[in-house]
Each structure stands twice: as structure tokens, then as C-alpha cells.
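Each chain, letter by letter, is given below.
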Amino acid sequence: MLEENYITASCTITEGMVRKNNVKVFENNDADPAAFLLSVYRYFQLNYPKYYKMDNLSKLGWLASEILLRDNFSKERYKPEEIGVILMNANSSLDNDLKYFETTKVIASPSLFVYTLPNIVIGEICIRNNFKGEQAFFVTEYFDAGFVEQYVSNLLNNNLIRACVCGWADVLEQEYKTVLFLVEKKKEKQSVLFSAEGMAHIFGKS
Amino acid sequence: MSSLKENNEPDVFVVADNILSPLGKTTAQNFSKLKQQVSAVKQYHHPNISAQPFYASLFGSDEGFLKIDPHRYTKFEQLLIASIADGLQDSGIMVSDKKTVLVISSTKGNISLLENEAMSEILKERIALPASAKLISDYFGFVNPPIIISNACISGVLAITIGMRLLRAGQFENAVIAGADVISKFIFSGFESFQALSPQICKPFDRLRDGLNLGEGAATIILSTNKKYSQHVKVKGGAVSNDANHISGPSRTGKELAGAIKQAMQDAAVTSTDIDFISAHGTATVYNDEMEANAFFLTDLQSTPVNSLKAYYGHTLGAAGLIESIISVQSMKENLVLPTLGFELKGVTQPLNVCNNLLQGDFKICLKTASGFGGCNGAVVFGKD
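Sequence lines, in order, name chains Y and E.
Position 14 of the first sequence, counting from 1, maps to 14 under our numbering, and the rest follow consecutively.
Position 159 of the second sequence, counting from 1, maps to 159 under our numbering, and the rest follow consecutively.
Keep in mind that a hint or two might mislead.
Claimed, not checked - If the Cβ cut is set under 8 Å, some of the chain E residues that face chain Y in the computed set are:
#1 PRO47
#2 ALA118
#3 ARG126
#4 ILE127
#5 ALA128
#6 PRO130
#7 ASN151
#8 GLY170
#9 GLN171
#10 VAL240
#11 ASN242
#12 SER248
#13 PRO339
To be verified - Capping the alpha-carbon separation at 20 Å, the derived lysine to aspartate or glutamate pairs in EDC-like fashion look like this:
#14 E:LYS124 with Y:GLU141
#15 Y:LYS99 with E:GLU121
#16 Y:LYS105 with Y:GLU141
#17 Y:LYS177 with E:GLU121
#18 Y:LYS99 with E:GLU117
To be verified - Derived list of chain Y stretches under chain E, where covered just means 3 residues or more per stretch with a C-beta under 8 Å from a C-beta of chain E:
#19 101-108
#20 114-121
#21 124-133
#22 139-153
#23 180-194
None of these hints come from the bench; they were simulated from the model.
In this text, all values refer to a predicted model and were calculated from it rather than measured experimentally.
Backbone N, C-alpha and C fix where the C-beta goes; we use that ideal spot for every residue, glycine too.
Same shape as in the complex, but just chain Y:
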């Protein structure tokens, strides 16, 4: 019999607002994404010098993962290779690609070039948390909750991983949105059943 999987936490960052488990935890209507993201970093008193060298996509996904995993997640329950990160977005790394391309007209910047791949945000989350399990970055026009449910459930039900950070992280110029879900095999107080409907409900609220 298949075990049931649960969303044990969620975090949404978009339009000047941060929500944790569907509750607004921070708001700042600063128009510029980089300035807004820095205000989130400061408000949550995060101390991670690597943050400053990240591109906006990595900053967005990394901040959401920090807020997602704080308080209720004890990674000691899992081995590093038992935790996966599966993300998707619409614009790949185009936000940073445009910035990198500008530098090629003078001197190409290696520090910007490394962020011209969408999966770098997965790498940043893995480095911070020592997650070493399954990963994949998918590109889709819209958040495909059904596909995420099927793909992540398959990994969990086949015991390829025991916990997963999954969801959406997309940024292009002034538009940004991330919704991350922590999925585990155990039910917590706040848990909702891991399903496409459950994810779509949380995704659509912001």
C-alpha cells in the first residue's frame, strides 16, 4: 500500500509579501525585487555572506527555502542523500542571462555566468542545507502542480528520497514569485495532504 505524503510547510514570496504556511509573515511594498529581497533577508535576520553574490533567482528561492525550513524542520531526521530538491519555472535564468549578456559587451563576468543556469538555485539550497539527494529543474509555462505531485510522489514512494523541497521559483526583471513546499512522509500539526489540489490552493492564494 502506498504511504501518504504530506506538505509539512510552505512558503510563498511574491508581490512584496512573504507567507509561511499561508499566513502573512512579512510585507514591504518596495518596487525593486533586489531591494525587496534584501529587506526579507534582513527582517529574518539571516546571516549568510554567500547571499550577496547570488542572482535574483537564487536569492528568491534561497530565501523561501530558509523561511520554509526554519522552526519546524529537523534535517537530522534524514541522511543528506534522502532529501531532494525539485523546482520549476517559466523563464529559466533569463533574468540573470540579460545581465550577464550586458557584461559580454565589455568583459564577460564569470560570477554572473555561473548563474545563467536555472538549477543553480537548487545548488545554493543544497549547499546551505547539505542536501545531497535527487534534484531536477523543469521549465514550464505555468506551475504544473499535477506534474510535481506525480514526479515527487514517485521519488518518495520508491524510497529514492524521504523528504523533498519542491515548487516554483521564477523571476524576470520586476516580476517574481516563488512557492516552495516541504513534503515529508509524516504528518505534522500544520500538514495538508500532498496533492496537486493542495499545492494549487496554496499557489493561488498569493
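Use these hints to put chain E onto chain Y, whose structure you have.
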């Protein structure tokens, strides 16, 4: 070893494939060139890519990939269409079948459009991978929405692993998995800024290796669980891991690639003694090759013949894992393991059996590995038993 999996998941067969590279337009043409140790890597003077002469494997600028093109597809899209069309030919796979899914693998897709066209909202939408995927899907008439993977240099290996999983889970019966990347100033300048490019044909695993060559190419591999293909080579297992160490440098220990290899072998129900040869990532950068040799040592594969195809094709990015997997499948069919062009003297710390002659034998099971930026590693096992 029994091919029956405990959970009764179906076997996944390789139905057909294609490689479209500067060496040839079919898998057969490509394999024939490789047997003759012909490299597509040569010196170019292309000021629109780099002010200095450089080594790479590129298609000719006048090369046509499609006979008729009323839609003005980009080069990236033309490559994918031509590769998929050849792969599908005579395969018996119906693209309009609800049981067939298209999976596309690319790192940078249409990014070269930035270099020649004025910035606009329309251009940004045109660069987005879903736009290309939709055009390609519509060209053939796939009915399911395409799945797009963009996961750095493991994209191709990951796409095969994902295709295998979707088929095993019964979500689809057939998967058409295609990958491509085009080399332009955007990509070239980035690797150059990293000082990752070799000023000659690259030398994987060699003492004098000094960086990679970039390459253009496309490839398609078609998978199915339909038992009518049961005489074909199988995708027996696959796995992915992350180094959790550095975004642009590989793990120093190779432990995480080793973890992916172990998991892929476990998934395939084989052990290291069953692996007849390995197609490594072997980019010919100092750190990648050292890390891979460590990983093969940690998985007890140090005496298994290993090759790298990077001196034939360069690093074809989102196509690399597919091209190199298809060559490995062809190697099993012809019982020939190809030599590692560019390799002379072992230049990695751990023992490693780098194949540098055309090897004949009875090759039943092989391992394909890849690693990339973001600390990602992928491994997939193919077998003909």
C-alpha cells in the same frame, strides 16, 4: 541477474535513436566516424563568437537541417526537429498517441537570439524554452504537453532518467527524449571567462589536459515499455545527486557522484562487476576528471574500461548526455568500446582504466555518468540482457 523488479515495474526499452552532429546526421553515420577516430573539433575563426581563434565542434553556417521551413524555426529548433524526425522514422512510435510524451533537454535553448535581435517583450517570450517546446510539439503533433529539463550539464542524463521513471510509473508508454544546444558568443564567452576552454583538441583524463572544447549537437532517444521492443537494449536504472559543495566546482572527493552511481546500479539490480564499460563525462578540465576518477574508485569501477567522447564532439551541453548515451548503446550493439581520443598518459590520482584503443568484446551492461554546474551529478545504466 533477473530483470524482474520487485515492485513489478515494467522494463524500459530503447526503441530508436538519432545523433545529429557535425560528424553526421544519423547514429550510424556518427558511430562510423567515431570508429575511425574522426573528431569534429577543429580550429575556427568566428569573430561573432570570439575575437581570437578557438577550438570547438560547430555546424557549418550554411548547413540546412530542414528541407522545408515555413515557420522560420531557430537553429536550436531546427536541430531538435531534424533529430526527432530521424529518430521517429520507422520506429513505430505514434506521436499523436496519448501514451506518448515528448521530453526536451537543453541548457540555453534560444539564448543566441539575444545577440542578433533587439530586446523586446516578444523576444523574451521567444527565448523561453516552453515557446520552442510548443513549436516542436506542434510540428510533430504530440498531444501531451512537452516536459522540459534544464539542469546544466546533466540535462541529457537526467532527461533519460526522468523518461524512464515516467514510463515505469505507467504515466506514459513511450517517451521521445530530445536534447540540443547551440554555441554562440553567450555560451562561449562564459566558458572563456572561467578559463575552462582548451586551446587545442581536449585531452580527457590525460596528464596534460587543459580544459574543454564546446560543441554543437542534437540527439534523440525513444523509450518504450511496449513488450514488442523486448529484444532492444534497456534503460535499467538511473539516479541523480547533488554535491552540496560549490556551484561552479565539482566535489573534491567524488563521493556524491559515487552515490548517484551506486543508486543507479541498485536501481538496475547490478553491481560494479556487472558493468562492462563506462562512458564518463570526461570534460578534460582538471577538476572534473579528477573528481570522476575518485567516484569510479569509490564505486569499485577503477579497472572497468572508461572512455570520454569529448575530444570527438566537444561538450555539447544539453545534448551531451543523450549523444554519449546513444553511442554507448550503439557500442553494446556492435560490441565495440571506443577509444578516448586525446588521451595518452593518465593524469588523475586514482587508478583508472582509460580506454585508448578500439576495444572488442562482449559488452552487455554500461554506465553513463555526467556532472555539472550547481553541483549536480547523474548516472544511468543501460543493458542488453
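Outcome of the hint check:
Of the supplied interface hints, the one on E:PRO47 is violated, with its beta-carbon coming no nearer than about 14 Å to a beta-carbon of chain Y, more than 8 Å. A cut of 8 Å between beta carbons decides the hint on E:ALA118: the least distance to chain Y is about 13 Å, and the hint is violated. A distance limit of 8 Å between C-beta atoms decides the matter here; for E:ARG126 the minimum to chain Y is near 11 Å, and the interface restraint is violated. At about 6 Å, the closest approach between the beta carbon of E:ILE127 and any beta carbon in chain Y falls short of 8 Å, and the interface hint on this residue holds.
Interface hint status for E:ALA128: upheld, as the beta-carbon distance to the closest one in chain Y is roughly 6 Å, under 8 Å. With its C-beta approaching chain Y no nearer than about 4 Å, E:PRO130 sits inside the 8 Å limit, and its interface hint holds. Interface restraint check: E:ASN151 against chain Y, minimum CB-CB distance 5 Å, threshold 8 Å, status holds. Using the Cβ-Cβ criterion of 8 Å, the hint placing E:GLY170 at the interface with chain Y is not satisfied: the shortest such distance is roughly 10 Å.
For E:GLN171, the interface hint holds, since its Cβ comes within 8 Å of a Cβ in chain Y; the closest pair sits about 6 Å apart. Proximity of E:VAL240 to chain Y holds as hinted, the smallest CB-CB distance being about 5 Å (cut-off 8 Å). A hinted interface residue such as E:ASN242 counts as satisfied when its beta carbon comes closer than 8 Å to some beta carbon of chain Y; here the least separation is about 4 Å, so the hint holds. Checking E:SER248 against chain Y by beta carbon gives a least distance of about 5 Å; that is within 8 Å, so the hint holds.
A least Cβ separation of about 31 Å between E:PRO339 and chain Y goes past the 8 Å threshold, and the interface hint is therefore violated. Of the pairs offered as hints, the one joining E:LYS124 and Y:GLU141 holds, with about 13 Å between alpha carbons and a cut-off of 20 Å not exceeded. For a cut-off of 20 Å, the pair hint linking Y:LYS99 to E:GLU121 stands: about 16 Å separates their Cα positions. The hinted pair formed by Y:LYS105 and Y:GLU141 fails the criterion: a straight-line CA distance of about 30 Å is larger than 20 Å.
At most 20 Å may separate the alpha-carbon atoms for a hinted pair to count; Y:LYS177 and E:GLU121 meet this at roughly 19 Å. At roughly 16 Å between alpha-carbon atoms, Y:LYS99 and E:GLU117 fall within 20 Å of each other, so this suggested pair holds. Residues of the segment 101-108 of chain Y with a Cβ under 8 Å from some Cβ of chain E number 4, which satisfies the need for three, so the listed coverage holds. Counting residues of the segment 114-121 of chain Y whose beta carbon lies closer than 8 Å to any beta carbon of chain E gives 6, which reaches the threshold of three, so the coverage claim holds.
With 8 residues carrying a beta carbon less than 8 Å from a beta carbon of chain E, the segment 124-133 of chain Y meets the three-residue requirement, and the given coverage holds. With 7 residues bearing a CB less than 8 Å from a CB of chain E, the segment 139-153 of chain Y meets the requirement of three and the coverage assertion stands. A stretch counts as covered by a chain when three or more of its residues have a beta carbon under 8 Å from one of that chain; for the segment 180-194 of chain Y and chain E the count is 0, and the coverage is violated.
Hints 1, 2, 3, 8, 13, 16 and 23 from the list above are not met by this structure, while the remaining hints are.
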